[in-house]
Each structure stands twice: as C-alpha cells, then as structure tokens.
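Asks: This is what each chain is made of:
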Amino acid sequence: MKKESKKLLIPYITAGYPTRKFFLPILHKLSSLGVDYIEVGVPHSDPLADGPVIQHSSKVALEQGVSLKWILNSCKKLSPKKIKPLILFSYFNPVFEYGLERLLKELPKPLFYGLIIPDLPFDEAKKYISIFKKYGLNLILLAAPTTKSQKIKNIAKYSNGLIYLVSVIGVTGERKKISSNVKKKIMEIKKYTRKPVVVGFGIGNSKQAKHVLSFGADGVVIGSAIIKLLQGKNNLILKKLEKYIKSFNLH
Amino acid sequence: MPLVSDKIFNMMQKGYYGKYGGKFVPETLIPALEELEKGFQKVKHDKHFKKELDYLLKHYAGRPTPLYYAQRLTEHYKKAKIFLKREDLLHTGAHKINNSIGQALLAKRLGKKRIIAETGAGQHGVACATACALLGINCEIYMGSKDIKRQELNVFKMKLLGAKVHEVKNGSMTLKDAINEAIRDWITNIESTHYIIGSVVGPHPYPEIVKCFQSVIGKEVKSQLPKNKLPDYIVACVGGGSNAIGIFTQFIGNKKIKLIGIEAAGTSINNKNGKNAATLLLGKPGVLHGSYSYVLQDKNGQIKEAHSISAGLDYPGVGPEHSFLKDSRLATYKTISDKDAIAAFYLLSKLEGIIPALESAHAIAYLKYLMPKTKKDETVVVCLSGRGDKDINTILETSA
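In the order they appear, the protein sequences are chains A and B. Mapping of the first sequence onto my numbering: residues 154 to 404, in sequence order. Mapping of the second sequence onto my numbering: residues -8 to 391, in sequence order.
Each hint should be verified, as a subset may be incorrect.
[To be verified] To give a feel for the contact side, a few chain B residues facing chain A, derived at Cβ under 7 Å: (1) 13; (2) 15; (3) 16; (4) 17; (5) 18; (6) 19; (7) 21; (8) 22; (9) 174; (10) 178; (11) 277; (12) 278; (13) 292; (14) 293; (15) 294.
[As the list claims (entries may be wrong)] Below are the BS3-like pairs computed for lysine-lysine, each with C-alpha atoms no more than 25 Å apart in a straight line: (16) 290/B - 229/A; (17) 35/B - 222/A; (18) 279/A - 29/B; (19) 212/A - 295/B; (20) 5/B - 306/A; (21) 104/B - 222/A; (22) 29/B - 287/A; (23) 266/B - 212/A; (24) 295/B - 280/A; (25) 140/B - 212/A; (26) 212/A - 275/B; (27) 160/B - 304/A; (28) 275/B - 280/A; (29) 295/B - 222/A; (30) 160/B - 212/A; (31) 35/B - 104/B; (32) 306/A - 29/B.
[To be verified] Residues from chain A that keep clear of chain B, each with C-beta distances beyond 10 Å, as calculated: (33) 186; (34) 197; (35) 208; (36) 212; (37) 222; (38) 228; (39) 236; (40) 255.
Think of the hints as simulated: they come from the structure by calculation, not from any bench. Model, not experiment: these values are computed from the prediction. Glycine included, every Cβ here is placed at the ideal spot set by N, Cα and C.
Only chain B is shown next, with the shape it has when bound in the complex (with noise of 0.2 Å):
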C-alpha cells in the first residue's frame, strides 16, 4: 500500500516541499545541483551502490541502532512506554554518519577529488572526515570559530582523520556562516569539489538526498517495536532538521502518529532580548543557504544571529520539508529552553546511563510536557541523534 506521504510528494513541484524549497543559488552552481541531482538519481537505482552503501552502514557505521525500551525513564513518567532510537550508538557517534557515507560514496561516482563540508557541533565534520578517511578522499571541513571552541574535541578528531579544517571568523561565527563559506568554496572549486551538506537544507537536490540517506532511521523503527506495533509519538530535535526528517518520513501522512519536532528556545522565546533558535516558532519565509523556507530574520531580510546552548541547533534557518510539514500540519513543532535541555541532559544519564548529546537533549527534555497526556498503552519514540561526550565541558562551564 503506497504510504499517504508519497501521494502528497508526487503532487509535488520538483525541488519543492509545497511553496518552501528550490535553488536560490548564483548561477554557477546551477550545472553542479544538476550534475548532482542527475548522479543521485542514478545511484538511488542502481544496486550495487546500494549494497556497498548497505554493507559499510552495517559493518562499518553499526547499523541497525536498537530501539531501546527506556525503562527507568519510563517508570520515572508512569505514562506511555518510551523507546530511544539510539542513533547515539553509530560509529562516530551521531546519526550524521548514515548522511556522510551515503554522500561521500555519491562524490566517488560522481569523480570528485575532494569534499568539503561544514559542522556546526562537529559531529558532521568528524562524520564526513571519517567517511573520507575511509574511502581516501581529500576532506576540508568549514566550522565557525565560536563551535570550534565549544567543540574542541571534534575539531581535534576531525585533524586526526586527516581532514582540515578551516575556522570561519564571519558573521555569527557558528554554523550559519560555516555553511556561507563552504559555499563560496564550491562556487570555487566546482569542478573538482563535491559539497556535503549535513542537514536537510540547502538548495535542491540536498534536502531531498540528505533525507534519503537518514530515513534509514525511520524505517527501521517501523519494524523494531514490539509485535510490529507503530509508535505513537516521535520526538526528535530539528536544527537545520535531518536526524527528525530521517525518522519521520517514514510515517508522514499516518494520522495516528504524532510527529513532533523540538526546537531551541535557548534563553527565552517570550522575552524580547531572549535569544534562541526557534526558526519554526518565531522566523518568517524568506531565502537562507539557497533554499526557501522558514528563517529567522529581521524586518529588512537580514538573518538574525540564533542562539542554542546546543551549537547543532544554533541555526537560524530550517530545512523546508519542515517549513512544508509545519503549515500542513503534518508535524507540530514545540520549543525546549538551554536550561530544560540541560536538566534532561542530567536525567537521562542518571537514569537510564545513557549521556545524550545536547541537541538530543532537547527531545527528551520535551517527554516532561508531553508525557503526562499519554495514555499507558501508548508508546513514545524519541529520536537520541547522538552521544553526549562532546558537551561535556559546556555542561562543565554551566555548572560551573
């Protein structure tokens, strides 16, 4: 039976989620999205990209991750049963690597010499340096010089793996203008570069191929849960979107299940000088990173810096199947404070051993609203996109 999302998607312009999406890119690189939508369209068919894609997800990445029942978490609840797709446990630690090695296999077929990508907690730099450490292309990684000090550990890693990397000092010195640079870096060097993007932003096609390497996520916890039930709630964090894109795809359009993105509501969302990066709740439509979607900005166009204790979700744009998803109503999307992310930081490793990464902090920080409209024979998925080693000293500084 053909899943409900799909009869929406193939109503669908292409390189569109409903109005939000397309190229908003100097022409330059128009050939090389052409060039890369026409190799990913080819592989997505081809089987024997399939099978190496299949073979380094299982016996180099840890795939399948498991759908741990939470049990502690639950008893801590006493409402529906929570389950952690435990994206945390991949190698390198983060659900990024499934994005990385599927994109970094897509650049070898494509012929690129070289890949270049940015990071914004590190975790994508270190996948996409791991990925080209494994097939032995050149890796230069863009990262803001703010994330390069909060995230110490994965710029150190990522030099290990033989990548390098290049510290942004425009802007807001974060993700966003880590993705500005790499950008201007492809316009340069499109002919021999490939670009991955770590999220599920960005000009057509990258939403569209970030989302087909993660919904690996999503499809294997339709068939993790006990007596193949369906979940009936998904949580997952949503910085630029992709590990909650990967999870949801698989049940969007199934009205029973409840989908739900959390964003950073960092200081505050409600007080004027709060800051945050609530794309969703707070931005506008307009164009950031070659795409139409929501995005935080001033009454001039001007993208405003965004702020999350979590520098994966410090991002003021969002990917626009999101954008699509929330105006449709396909998805709610909530947001969890610095200081709620934390709390749950501390709850989860003392509850269940599990120290989740900050951005995933941010989903199981929002069990505490949700759970008490549970029922008890209800079950709850929350996405834990990655390990929480490289926050440490952001807590360590907080608690400080």
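The following block holds chain A by itself, in its conformation from the complex (with noise of 0.2 Å):
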C-alpha cells in the first residue's frame, strides 16, 4: 500500500487484565508487532457502553486493585520510543473523581497521545476542550450511527487527532455483520475533516476490519475479541496476541 494510505490498527486492552503484571508486558508485545496506538482502558464498576466480554475484564482488574491511579504509577518508567502512543480510555467518573485537570498534567507525554470518554458526548465535552489544549493532549470525539449531520459537523471539528466512529447501535462486542450504514457515516464526516476517522465496536477480525477500510475508515480499534485472547493467565496469552496482530497485516 502507498505511504499516505497507512491504515491505523488500534487495539484495546484493560489495563491489569488479566493480571496487573501482564499490563507492561502487553504493552510492550503490542508496541513492537507494529500497532498504531494502545488504547488503554481504565476499568470501571459501571461500565454502561459496554458488552459482557469487556464488563468481565473491568470486574476482573477492579478486584485486583487497578485504578486510574496504578496506571498512571505503571506507566512512569515506559519509554515513548519502545511504547507507541497511548490512548487512555476511561469512563467519565474514575477520570472525574480522580481531577480532570490534575490527571491531563500528570498523564507522561508524549507517552499518552489522547483521551476517549465514552459517556463524555460532545455537548458536555466541549466544555473542556481548551484544557485539554493546554496540556497537550487530545480529546477524542466519538460519533454514532445514530447521530445527526449537524452534531457529526462539530465532532468533525472539535474531536482531537483522532474521530472515533461506533459502528454498531449498541455496546462494545464482536458481531457478525459490519453495517453499511458506516460507510455513510464515514463519508459523511470525512466532508469536514481530514483528521483520520477510526471505526470500532463490533469488529472482531481482519476480514472485517478491511471490510471498514474498504468504505474509507482510516483505522479500526480492536477490543472485544482481544480481551477475549487474553483469558488465562500464563505467557501463552502474549503468544496468541501476536498471532492474531499479525493476522490484520493491515500495513
């Protein structure tokens, strides 16, 4: 494929699933196959947006501890140059409780490349652009299937680095058609930005994956059917992930 049409591959993990000492681990199995971004996610007790397999992953590291805090502890020592960027996905509360602004400033840059809150939606979100802005980090924007021209023309325009489109009307979880209805979505927020639009929910494999980068996508994150792989808890797991990164060979 030519340079300029790069497709990114965005997997998701818990962050201390299955174990706390897997997490730097994974990371680093994950940086050096050549994905695009991690997106690490802060498990929550309420976890509304997702499916069964990512609500077990969140109960699982909770009851071993993990918090916002831990992570952040973790991923001190982590080299930006062995680690690719880091995308903290956490629900509104944890972030909330723990400071928004307190967390954005602690967050190791470039390290941390961005922020997705699921239950953040652009109307409250944009009060908080600027001072995401003023740390450095990007927010990044989730539009819906269901939303509206106008709202996808904010998200368009406010969503940071990245425009993460959900594919499916639903929570987080593998399924077995990808609608057409996103590539609808994808075009239409490409008319207003050229920022790299992701799709994710629902995609489970490579086949598609390149079904959604055929309708345009400029990447895919990967989460359900990752956390998934890493049921178990010895090296096997690190094993069975890089088989299945290798599989996307999206590059």
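Please dock the two separately framed chains into a single complex, following the hints provided.
Replies: Structure (structure tokens):
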C-alpha cells in the first residue's frame, strides 16, 4: 500500500487484565508488533457502553485493585521510544474523581496521545476542550450511527487527533455483520475534516477490518476480541496476541 | 403569582439543576434523548394528551389520592397534626403508576413499539407492566437477582401482566445494575424502544419528565388541607427521589414550608462497616447513570454498593435535583436506619391500620425525631408512597 494510505490498527486492552503483571508486557508486545496506538482501558464499576466481555475484564481488573492511579504509576517508567502512543479510555467518573486537570497534567507526554471518555458526549465535552489543549492531549470524540448531521459536523471539527466512529447501534462486542450505514457515516465525517476516522465497536477479525477500511475508514479499533484472547494467566496469551495482531496485516 | 421555584428554575441552564444533571451518556443515546425531549415538550402542552392522562389517572389509577388525617398517629406524638398522602391507595400500590402511565402514553405518541424499564422493589416494574398491558405495548423489565429474591410477589405480578423479566446478575445485583442493563438494552434498540426510567434520575430530560408526571402529588396536597392551609413540614423518603420531588415541587422556595427527604441509613451511617444508601449525606458529586449528582463512591471514582432493607431505597445515586436542593438548602435530608424503618412499619400498621411500604416507612420513622420539635397548631404531611404487602416476606425474615 502507498504510504499516505497507511491504515491505523488500534488494539484496546483493559489495564490489569487478566492480571496486573501482564499490563506492561502486553503494552510492549503490542508496540513491538507495530500497532499504531494502544487504547488503555481504565476499569469501572459501571461500564454502561460495554458488552459482557469488556464488563468482565473490568470487574477482574477492579478486583485486583487496578485504578487510574495504579495505571499512571505503572506507565511512569515507560519510554515513548519503545511504546506506541497510548490513548486512555475511561468513563467520566474515575477521571472526574481523580481531577481532570490533575490527570491531564500528570499523564506522561508524549507517551499518552489522548483520551476517550465514552460517556462524555460532545455536548458535555465541549467545555473541556480548551483544557485538553493546554496540556497537549487529544480529546478524541465519538460519533455514533445515530448521530445527526449537525452534531457530526461539530464532532469532526472539535475532536482532536482522531475521530472515533462507533460502528454499531449498541454496546462494545464482536458482531457478525458490519452495517453499510458505516460507509455513509465515514463519508459524512470526511466531508468536514481530514483527521483520520477510526472505526470501533463490533469489529473482531481482519476480514471485518478490511471491510470497514474499504469504506474509507483510516483505521480500526479492536476491543472485545482482544480481551477474549487474554483469558488465562500464562505466557501463552502473549503468543496468542502476537498471532492475532499479525493476522491483520494492514500495513 | 409565580412560584419562587419557577424563578429559580428559569435561571438554570437547560438540563441542569444548578451544577447537577446533564447528559453523561454515550453519543449513541443523544439523538434519542433529544427526540424524547422534543416529544415531551410537545405533549406537555397538548390538550388531548393531558385529557387522556387525566382520564387514566382518575378512572384507572385512582387519583386524586386522599390526604388522610392520621388521628391516632397524631395522638401518639401529641404534637403537630399528621396527614398522610395516600399514594399507597393507587392502582398497583405506589406512586410509580403516575409516571408509568404518563411515559407509556408518551412512548405511544413517539411511535415506540417496545418499552423497557428497570426496577428495584418491583413497584416501578409492576406499574410499567400494568401501563403497557393497558396500552397494548410490549414490556421488558430488568431486575437484579437480589431484588428478584426479596420481591418475589412483584416478579410474579409483572409476568402475569405480560411483561418479560430479565434477571441481572452483574455487580450489585440490585437497582444500580438493573439500570445499567436497561441502558445497554436501550443503546442497542434505540429506534424501536422507549426506556421508562422509574425515578428522577438518569440523563436529561428524564429527571424533568418524571418530575412532571409525579408533581401531581404535591399539586393535590396544595388544595387538600382543611381551610386550604399549607403544610409546615413535608416528609418523603428518597431513593432516586421521585415521590419526594413529586410532593416537594409545588412548595420549593416557600421558606415557611420545611421539605425533608429521608434517605436509608441501612445498618449504620457512623460505623465504618455500616452499610447504607445515604447518598446525599455520605456521597460526593460524580456521574452515575447519565447525570451529575451525589454518588456513593470510593476514592478511585468506582461506585459503591448501597444497602437498605428497602429495595426501593437501595441505590448509590440520587436524582440531580435533590443534590441541588441539598446544596442550596431548599430542602434538608436526614437518614433513617433499617431498624427504625421496621419499627415504623409496625407502628403505622397498628395505630392506623395502614401497612406501609418499607420505603415509606422511612418517612414515617422520621416522625419520631421530628414531632417533638413541632407545635400543636402545625401540620406535617408525610408522603406515604406505597403499600407494604410486597415487604411482608422481608419483615417475616427480620423477625424470625
């Protein structure tokens, strides 16, 4: 493929799943495999945008005492030269309780590229956009299949770094089919911006990824399918992860 | 003359009560909330809708409910006169039906073919199943395993009324996780489905909608006291807080009337190991179920599990308007323990021949602390939000 059409592969992991000691090895492994960004999920007691797989990983991580603070501490020593840019994925309440500004200040840069807050829709997010700018982090907004045109325009304009298009009307988790509506939405977003549009929720294998990319998406986010691979506590999971990521072969 | 409350609320940003409220939900839900808001604003001023709702409330649900002078309870305390707003006499046994009928009618206007709801004590679930049976709409209810166990009778009723009951085994297995599952269902089936939230919680416009349909309680109280007197005290229990908002709304901002919300102190609010649902007393502002309000949470922003002997109060959040009323001191909030609530359950049964819901028993229990401070020429109105048949098993277990 030509250089300018390089497609982005963005795996999602829940920090501290399946166990805390796997957190950094997984980040190293994914980085060495040449993914483009890594979404680091902060576990939450009430993950209402997530399906059963990520809900379960969240619960397991919380039982092991994983918190935003633990994630920050664990990432302190990571070198941005060895680790691909991280995107913190967190529900709003853990961020709010930690202090949004404090968090933005303390997140190591450029190791962290930005944040995704799934329960902070554009209307609630807009007042925070300037503070993200101040600390040099991207607030990546989500657009949904149901999002109206005017809102799409705003999301395209104000989302920083990337635009995250949710591919399904529903919660996270693999689906059998990708809706053709995704293509329409990608084209709609691209009318307003040249920022990369990545598609997530419901994509589980390379075939589906390629399908979405053929619609004009600039990248894909893979979540639940990866969490499923990570079940188990031995080092085999890193091998399984390697095989799975390689199967995408997007570049 | 405009109410003070109107002035206060007109100053507020849409969708917020002071700094509380908002729409903290995934973008997918935003268009549905906007559609709901539009539909709600439309029916609010629609004569036909109002007529249909009034008709059903009167002839089907049993409104207006009496404001009953509880003479023996008054004599028991020998202080102010105590009146009970008898929401327990409504069809299905609680105030929940006011909102369920209203929202089911609204859903019908919006062309929704399917209704989902969460339930804690099962009263809202039964009320929704009832409204859906009445209007011929498919109904599915989410209910935590723990609540299914302690509110068996209501589960049976919902099924009898044709609703499908989904057991929620996640997390707390109570109301909080039932709401999570209902929201997930709604995210997935947004085009066909209306979600009837049962309390003044959730993202805007839900707190506003539920308040609108429940405010009939306070409107009636206003004209029911002898000589059109206004009450000096109004007491109501608060879980999410819909019966309290319903009875408070007409009187907010009137400084002569003390509005008192009662939260569940569970086993204790002082003891470190105490388990409770005293969200306004012990919680901190945060986001749960789509709105910014007080929440019981740990230092990492994870939501804590609540506890109350009453399933309807067993919730770690609270409606955003209550958070505003608390901070602005337009209402005060107190707590009542499981133990006091049970004592009040017996007291009202014996003195007045009224078996209260355990939720409402919390409001009755507060009289023990309030009455000594009152004067003989004053009036106290207690919102008796529901009847206690559903709680007989819980009471039997505690006395065993």
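Asks: None of the hints should be skipped; say for each whether it holds.
Replies: So, going through the hints one by one against the coordinates:
The interface hint given for residue 13/B holds, since its Cβ lies 6 Å from the closest Cβ of chain A, which is under the 7 Å cut-off. Given the 7 Å rule on beta carbons, the hint for residue 15/B holds: about 5 Å separates it from the nearest Cβ of chain A. Nearest Cβ of chain A to the Cβ of residue 16/B: about 6 Å, under the 7 Å cut. The hint holds. Here the hint on residue 17/B is kept, as its CB sits about 5 Å from the closest CB of chain A, short of 7 Å.
Satisfaction of the interface hint for residue 18/B is found here, the shortest Cβ-Cβ separation to chain A being roughly 4 Å, below the 7 Å cut-off. The restraint placing residue 19/B at the interface with chain A holds, with a minimum CB-CB distance near 4 Å, inside the 7 Å limit. The restraint placing residue 21/B at the interface with chain A holds, with a minimum CB-CB distance near 5 Å, inside the 7 Å limit. Because the closest C-beta pair between residue 22/B and chain A is about 5 Å apart, less than 7 Å, the hint holds.
For residue 174/B, the suggested interface contact is upheld, since its CB lies about 5 Å from the closest CB of chain A, less than 7 Å. Given the 7 Å rule on beta carbons, the hint for residue 178/B holds: about 6 Å separates it from the nearest Cβ of chain A. A distance limit of 7 Å between C-beta atoms decides the matter here; for residue 277/B the minimum to chain A is near 5 Å, and the interface restraint holds. A least Cβ separation of about 5 Å between residue 278/B and chain A falls short of the 7 Å threshold, and the interface hint therefore holds.
Against a cut-off of 7 Å between C-beta atoms, the interface hint on residue 292/B holds, since the closest Cβ of chain A lies about 3 Å away. Hint status for residue 293/B: holds, given a least beta-carbon distance of 4 Å to chain A, under 7 Å. Interface restraint check: residue 294/B against chain A, minimum CB-CB distance 5 Å, threshold 7 Å, status holds. This hinted pair checks out: residue 290/B and residue 229/A have alpha carbons roughly 21 Å apart, not beyond 25 Å.
Restraint check for residue 35/B and residue 222/A: the C-alpha separation of about 47 Å exceeds 25 Å, so the hint is violated. Proposed proximity of residue 279/A and residue 29/B is supported: the alpha carbons are some 22 Å apart, at most 25 Å. Distance hint between residue 212/A and residue 295/B is fulfilled; the C-alpha atoms sit about 13 Å from each other, no more than 25 Å. This hinted pair checks out: residue 5/B and residue 306/A have alpha carbons roughly 22 Å apart, not beyond 25 Å.
Of the pairs offered as hints, the one joining residue 104/B and residue 222/A is violated, with about 45 Å between alpha carbons and a cut-off of 25 Å exceeded. About 36 Å separates the Cα atoms of residue 29/B and residue 287/A, which puts this hinted pair outside 25 Å; it is violated. With a CA separation close to 21 Å, the supplied pair residue 266/B and residue 212/A stays within the 25 Å bound. For a cut-off of 25 Å, the pair hint linking residue 295/B to residue 280/A is broken: about 28 Å separates their Cα positions.
Note on residue 140/B and residue 212/A: the hinted pairing holds, with a Cα-Cα distance of about 23 Å set against a maximum of 25 Å. The straight-line distance between the Cα atoms of residue 212/A and residue 275/B is roughly 22 Å, inside the 25 Å bound, and the hint therefore holds. Using a Cα cut-off of 25 Å, the hinted pair residue 160/B and residue 304/A is violated, with the two alpha carbons roughly 36 Å apart. Simply put, residue 275/B and residue 280/A have alpha-carbon atoms about 22 Å apart, close enough for the 25 Å limit, and the pair holds.
For the proposed pair residue 295/B and residue 222/A, the alpha carbon gap of about 18 Å is at most 25 Å, so the pair holds. At most 25 Å may separate the alpha-carbon atoms for a hinted pair to count; residue 160/B and residue 212/A meet this at roughly 13 Å. For the hint linking residue 35/B to residue 104/B, the alpha-carbon distance of about 21 Å falls within 25 Å, and the restraint holds. Restraint check for residue 306/A and residue 29/B: the C-alpha separation of about 21 Å stays at or below 25 Å, so the hint holds.
Here residue 186/A stays apart from chain B, with its beta-carbon at least about 29 Å from theirs, past the 10 Å limit. Remark: the non-interface label on residue 197/A conflicts with the geometry, its nearest Cβ contact in chain B lying 7 Å away (cut-off 10 Å). With a least beta-carbon separation of about 7 Å from chain B, residue 208/A fails to lie farther than 10 Å from that chain, contradicting its non-interface assignment. Non-interface status of residue 212/A relative to chain B is broken: a Cβ of that chain comes within 10 Å, the nearest being about 8 Å off.
The Cβ of residue 222/A does not lie farther than 10 Å from every Cβ of chain B; its closest approach is about 7 Å, which violates its non-interface assignment. With a least beta-carbon separation of about 16 Å from chain B, residue 228/A lies farther than 10 Å from that chain, consistent with its non-interface assignment. Distance check on residue 236/A: its Cβ is at least 24 Å (rounded) from any Cβ of chain B, clearing the 10 Å threshold; non-interface status holds. Residue placement check: residue 255/A keeps its beta carbon more than 10 Å from all beta carbons of chain B (closest about 12 Å).
Of the numbered hints given earlier, the model fails hints 17, 21, 22, 24, 27, 34, 35, 36 and 37; all others are met.
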